Amino acid sequence: MKNNLRIALISKDCELSSQLSIHIESKGHQVIVFNNESLVLGYIYSDPPDIIIINFQFSETNFHGLISEIKKDCYFGTIPIIGLIDENTHNNIEWKDCPIDDFITLPFKYNELFSRISLAKNRIQRIFDNNPLTKLPGNTSIQKAIENTIGAPMSVCYLDINNFKPYNDTFGFTRGDEVIRMTARIISNAVRQTGDGGFAGHIGGDDFVFIVKNESAEFVCKTIINNFNIIVSDLFEEEVKHKGFYIAKDRQGNENKIYLLTLAIAVVPMNTPQINHYGKVAEIAAELKKYAKKFTESKYVINRRKR
Amino acid sequence: MVNKVNEIKRIVQDTKSLPTLPGIVLKISKLAEDDKSSVNEIARLISSDHILSAKVLKLVNSPFYGFSGRVSTISNALILLGVNVIRSLALSSSIFEIMEKSVVGLWEHSFGAAVAANTIAKILQLPDAEEISTAALLHDIGKAIIKIKLEEDYNQLISIIKEKDISMIDAEHEFLGTGHPEIGEWIARTWFLPEKLIEPIACHHNVKKSVIHKTKTAAVHLADILVKASGFGFSGDDIVPRIQTEAWDKLDLNEKILEEIVQETEDRLIEAKNFSLEIQTSGEKQS
Chain A
12 MKNNLRIALI
22 SKDCELSSQL
32 SIHIESKGHQ
42 VIVFNNESLV
52 LGYIYSDPPD
62 IIIINFQFSE
72 TNFHGLISEI
82 KKDCYFGTIP
92 IIGLIDENTH
102 NNIEWKDCPI
112 DDFITLPFKY
122 NELFSRISLA
132 KNRIQRIFDN
142 NPLTKLPGNT
152 SIQKAIENTI
162 GAPMSVCYLD
172 INNFKPYNDT
182 FGFTRGDEVI
192 RMTARIISNA
202 VRQTGDGGFA
212 GHIGGDDFVF
222 IVKNESAEFV
232 CKTIINNFNI
242 IVSDLFEEEV
252 KHKGFYIAKD
262 RQGNENKIYL
272 LTLAIAVVPM
282 NTPQINHYGK
292 VAEIAAELKK
302 YAKKFTESKY
312 VINRRKR
Chain B
469 MVNKVNEIKR
479 IVQDTKSLPT
489 LPGIVLKISK
499 LAEDDKSSVN
509 EIARLISSDH
519 ILSAKVLKLV
529 NSPFYGFSGR
539 VSTISNALIL
549 LGVNVIRSLA
559 LSSSIFEIME
569 KSVVGLWEHS
579 FGAAVAANTI
589 AKILQLPDAE
599 EISTAALLHD
609 IGKAIIKIKL
619 EEDYNQLISI
629 IKEKDISMID
639 AEHEFLGTGH
649 PEIGEWIART
659 WFLPEKLIEP
669 IACHHNVKKS
679 VIHKTKTAAV
689 HLADILVKAS
699 GFGFSGDDIV
709 PRIQTEAWDK
719 LDLNEKILEE
729 IVQETEDRLI
739 EAKNFSLEIQ
749 TSGEKQS
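As they're listed, the protein sequences go chains A and B. Residue numbers for the first sequence follow my numbering, beginning at 12 and rising by one. Residue numbers for the second sequence follow my numbering, beginning at 469 and rising by one.
The hints are simulated quantities; they were obtained by calculation from the structure and are not laboratory data. Treat the numbers as computed from the prediction; the structure is a model and nothing was measured. Wrong hints could be hidden among the right ones.
[Claimed, not checked] If we take Cβ atoms under 8 Å as the criterion, some of the chain A residues that face chain B in the derived model are: (1) Tyr-56; (2) Pro-59; (3) Asp-188.
Heads up, the beta-carbon is just placed ideally off N, CA and C, and yes, glycines get one too.
Please construct the entire structure, taking both the sequences and the accompanying hints into account.
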């Protein structure tokens, strides 16, 4: 663990804030104090801290909006949040609506707080199966998410990037990683923008999964493809963009025309009797993808078969 | 002088955010309240403000996301950051308590340069029109740093300019030992902005210095001059420099096409003026 952490402290109680700051800073950490909620998100987004401590005491708001906003984002959701909570009130809290990582009762001992900070940091690293490159949930979470939607009016969508391997080989893995990270952002933002939950995960390499309501599926696919095309056009030189391909060695070492990066998405609605287990979803998706990949442009294909 | 330059460098290193006009933030917060407000509308508003645009580009290019130096337009930043992040970022922006003339003037000059650059890119059919306008919007970010972070020096500069009737950049070199293009370059590098934006910022007063992005730099250089010539906004002095030969050649200009650009820019600056007045009055109403 890093020795000096950047800690955001949100507290109305100025006296507690200044005492806490002194103690935290004496350990070599850095503290940024907020006495109201309004500027916190902007700060977290522009300069993410390592830990967030929220004092629930003396506060009319319950910070639910703020906390869920942070936890919903796959990037910022991995920042541990520790609540400072009055001894008598913590059993009244509905933890489902208040997804913080740990709490400590007031008045607290500083030693305990520091241990909890350290524990929270380590626990996050342990329990998240998020992909280290994109920070999106990994395979365990994906499988769970898919199994939970069997029979529901939701669509599981498998996405991959066409011509990614030659791009990676030609321009180097740093540039390849950039494309993967950008794709992850495009997917998770498009899913989030629907406003009704959904899920975005990273299987590995250039393979992703997202889950949205059936009625949003087409719109999300279109948004992702559209945004991907806009972003990708920035990754190629003017001349390559114009021609629509570049020359590079393929896997056999032969010089070949390589087309620009595009997407193939297979959309599998889950409320059909045909789908009865996790493996079946991937099997149908693989078939659909084969078809989607026949085109030189980005394509999404929806499974229309009912049985 | 060396000490002064080092002091400015240190200030640039420590600059995390800059305040902007209250009118813009107010307008964005109104848009943000409405869930259905379009992403494009928010992008358009941000693209009119050099400070907010710099802030958004700083965030999307920060090492945290892992594509430093790659994102050069507000619309791409919006796609990659997502609407929620952009909203909160805009809403949490610090604002000027008092709308000083010089602040509004520099805001107008920057916005006007973006409008002019966009016109230039369209008429000359240059690739990457949005990047060219973004670079023009940010071209005087160094002046914003001087104005906001080195207030006393800025006032000194203004009196030197009046006294000696010299340009801002000459006054800067005389008094600070460096100029706003360099200061702008430092901040752009500190914030991991793409080279496509850094070069026009760094070389808009000396197109010859530009190496890779000469066309963009030339377009920003021309936009800066056109907006000064039109009298829109205030960038510190009233001197209209000559169009440098390098820029003229690189853009393949001639009298006729320049006239067309000037005419079109003038027309669009009228709209820009209306927008500016709207922003200024909505900012006043709030206070």
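In ascending order, which of the hints set out earlier in this document are inconsistent with the structure? Violated hints: none at all, because every hint is consistent with the structure.
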